[in-house]
Amino acid sequence: MTSFALAWRTATCYRARSALATAGVAIIGALLFDMLLLSRGLVDSFADLLNTSGFDVRVVAHEGLPVLRGPIHGGGRLAADLRLLPEVEDVTLVRIEDAVIPGPADDLKNVTVIGTTEQGPRSAWTLLQGADLPRSGTTPDRCPLIVTRHLADVRGLDPGATLNIRIAVPGTASALPQIACRVVGIADFAFATANEYAVATTMSALEAADTTRGPDEADLVLVRSRSSAGGSAAARAIVRVRPDLHAYSNEEVVSQFNQNGFAYFRQVSVVLSSVTLVFAFLLVGTLLTVATNQRLGEIAALRALGISRFRIAAMLLWESALLVGAGGLLALPLGGVLAWRLDRLLRQMPGLPERLHFFVFNSSAIVEHMVLLAATAIVAACYPIWLAARLPIAETLRREVIG
Amino acid sequence: MTHAVVEAQGVSRVFPMPAGAVTALRNVSLHVDRGDYVAITGPSGCGKSTLLHLIGCVDSPSSGSISFENRDVATLRESERSRIRLTRIGFVFQRFFLLPMLTAAENIELPQAEAGVPATERRQRTRELLEYVDLADRAGHLPSQLSGGEMQRVAIARALANRPALLVADEPTGELDDTTGNHVADLFDRVHADGTAILVVTHNSALAARASRRLAMKSGSLMP
Ligand SMILES: Nc1ncnc2c1ncn2[C@@H]1O[C@H](COP(=O)(O)OP(=O)(O)OP(=O)(O)O)[C@@H](O)[C@H]1O
Ligand SMILES: [Mg+2]
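Chain order of the listed sequences is R and D. By the count of the working numbering, the first sequence reaches residue 403 at its end, each step adding exactly one. By the count of the working numbering, the second sequence reaches residue 224 at its end, each step adding exactly one.
Extracted from the complex, chain R is given alone in its bound form (with noise of 0.2 Å):
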């Protein structure tokens, strides 16, 4: 008979307390698994997001992170150059201006406009109807736009359908003409929020409509890197080359962030993961103190019979070992539901990009869940061993027999 079955029975002759400690962890360790998820999820759904745009390094005129818009001067000369260096695929230039949509009633305010010189499918966002943006030169449309789902649905624009818009100058009112652009697709752009107005074009065409920055002026230029070489080798690179400007690789604009923008979820999900491992460690501490209070008579007379005092601190061991793991294990499909839920709730916030997630699935996390809940295990069960182990046997059978 191994310590382990003494527990397993122990675990299922008391079944009311069993049952109440494993819900306790079960819940508890749901909360702890959410908080592990949530410490690291925006994070890794953000470099996910990042590494689906299909560009792993993005050159900036201003140094630091969030990216601020600047104007790099002299795109297309630049693009070429840095097409030349053997660590780059492919670049883009990025223009980003706000906008105004004219209506009938109301116009729509701070409109985003993307430009851009990708070629080929855009990874920056998924079609949902019609046709992608043109390559350059084979069409006669001056103006062809991608919309977002939710201006399509407010405007009830199909594709086909011609929608006006106007450039908005910051710091003046708008002087410059509306022009007439035709949609031609819908789509869902991965970093843009639910319920963001934002219409992609090419850059000519924003270079045509807007008349008050110099034409060949990006702000934002997408780099794709060999993968031979990689996104740091290729932000490398560009600086030897221009060291004017500033090149990030997505690991460095995610580390960046990972230490200014989410250290806030880390420090509340380490916070409330603490807590959740005391509550567990008070609970089944608790519990199995009590049931060896209730079992010392039992202990004494088994130390009598000469088990050992091992024999019987690891009995206590897989005991809450058991109780524990068995409500971690519940702890897991628990929890998983219950980030979903948090998930859905948290991501109605504003201004948040509708691929970005809070609670991202990692099976590191489920790792770090079952360290945590071992060592609350042992840590629960170690005033319940020492009770037995420092057990005076004499006095605490006549204790017995007299109560």
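Quick caveat, the hints were computed from the structure, so don't treat them as lab data. For every residue, glycine included, the Cβ atom is placed at its ideal position computed from N, Cα and C. Be careful, since some hints might not be right.
[Stated by the list, open to error] Label pairs and their calculated CB-CB ranges:
id, chain 1, residue 1, chain 2, residue 2, range
1, D, 23, R, 392, 11 to 21 Å
2, R, 399, D, 23, 12 to 22 Å
3, D, 27, R, 8, 46 to 56 Å
Keeping the supplied structure of chain R fixed, place chain D with the ligands upon it in accordance with the hints.
Relative to the frame of chain R, chain D with the ligands by itself:
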């Protein structure tokens, strides 16, 4: 070298208490020889259980010495004393103290498993012991499904599991009616006849009468 399984020489046991020390045993000397059957009787509080605990190696005297099979118990580590209790002493308690989650057979197997007896041998021995205490048909029953007398018989089988040299019993019939107590006393007679030394502490005069030596205690001392 003596033939005594256990020998107490001039033992005293004082319990220091905040309200004043309690002297439970004063200068008691006692030996239990191989095949001996000793009963200790005396009024409540005279120190019977205290003496039994010293003899059973679960407590240490304040002064005097206990030697078990010619080894001075005071010089042994707790693990060595635990080993003696496991293999050389069998304990029977007033309140049985069977593990409630184990069946009768498993309760009897437990000390054998602790002593490292192989599983097949253990099962064979357990079957024999259950037959010995006339409970062969209750092997798979939990303590809660047994009567008090049956529980005490399982406890006696458990105490005999590792073939001890000495069986110590503190009020083994204390929780039983007369008839059931007599069954337990019959069992003790058999254990004694089969060569195991017995030290029993009891208020039950019928049980004490069966012992080959009866000692009376009073106020922490054995009466001459
Ligand atoms: N652990 C202890 N702490 C304090 N006093 C104790 C302890 N154990 C025993 N005593 C005292 O020692 C004396 C003898 O106790 P003991 O239990 O040996 O009596 P007993 O003869 O077995 O009595 P009973 O027949 O009622 O079981 C009593 O006065 C008791 O209060
Ligand atoms: Mg007593």
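Hint-by-hint comparison with the structure:
no.	hint	verdict
1	D:23 to R:392: 11 to 21 Å	18 Å, holds
2	R:399 to D:23: 12 to 22 Å	19 Å, holds
3	D:27 to R:8: 46 to 56 Å	49 Å, holds
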